[in-house]
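Heads up: the sequence shown begins at 140 in the numbering used here, then just goes up one per residue.
Warning: the hint list may mix true and false statements.
[What the hints assert, rightly or not] As a list, the in silico EDC-like pairs of lysine to aspartate or glutamate whose alpha-carbon atoms are at most 20 Å apart:
#	residue 1	residue 2
1	Lys163	Glu173
2	Lys163	Asp153
3	Lys223	Asp185
4	Lys223	Asp179
5	Lys223	Glu240
6	Lys223	Glu250
7	Lys223	Asp246
To be clear, the hints were calculated from the coordinates, so they are not data collected in a lab.
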Amino acid sequence: MPETAPVTILLVEDDPGHARLIEKNLRRNEVTNEIVQLGDGQTAIDYLFSRGRYVDSQRPHRLMVLLDLNLPGLDGYQVLRRVKADPATQRIPVVVLTTTEDSREVDRCYELGCS
Numbered sequence: 140m141p142e143t144a145p146v147t148i149l150l151v152e153d154d155p156g157h158a159r160l161i162e163k164n165l166r167r168n169e170v171t172n173e174i175v176q177l178g179d180g181q182t183a184i185d186y187l188f189s190r191g192r193y194v195d196s197q198r199p200h201r202l203m204v205l206l207d208l209n210l211p212g213l214d215g216y217q218v219l220r221r222v223k224a225d226p227a228t229q230r231i232p233v234v235v236l237t238t239t240e241d242s243r244e245v246d247r248c249y250e251l252g253c254s
């Protein structure tokens with residue numbers, strides 16, 4: 140059986156305190172995967188599509204995204220929409236991080252393709 144590369148976690152969260160808390164809880168639960176933390180939606184898009192400062196970088200082959208909805212500039216909905224609309228990225232699992240209790244917002248995320 141071939142060995143597979145580990146999954147890299149892309150954490151897209153604009154609040155450094157929240158990002159630290161998320162990473163701390165992942166580590167506490169023995170998640171040892173590499174975590175790449177980015178603070179806004181546009182930078183996440185650049186990373187995922189090898190644009191901007193990531194133009195010479197190759198995105199990890201195995202990736203999952205933890206995505207905050209409330210991001211400055213390009214928000215989480217826009218990031219999710221772009222990721223799921225492109226054949227090169229549409230199969231990347233995206234887990235949305237939100238504190239909302241609004242079922243319409245949750246439904247919208249599922250309609251856009253979150254995991």
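So, going through the hints one by one against the coordinates:
no., hint, verdict
1, Lys163 - Glu173, "holds, 13 Å"
2, Lys163 - Asp153, "holds, 16 Å"
3, Lys223 - Asp185, "holds, 15 Å"
4, Lys223 - Asp179, "holds, 18 Å"
5, Lys223 - Glu240, "violated, 24 Å"
6, Lys223 - Glu250, "holds, 10 Å"
7, Lys223 - Asp246, "holds, 15 Å"
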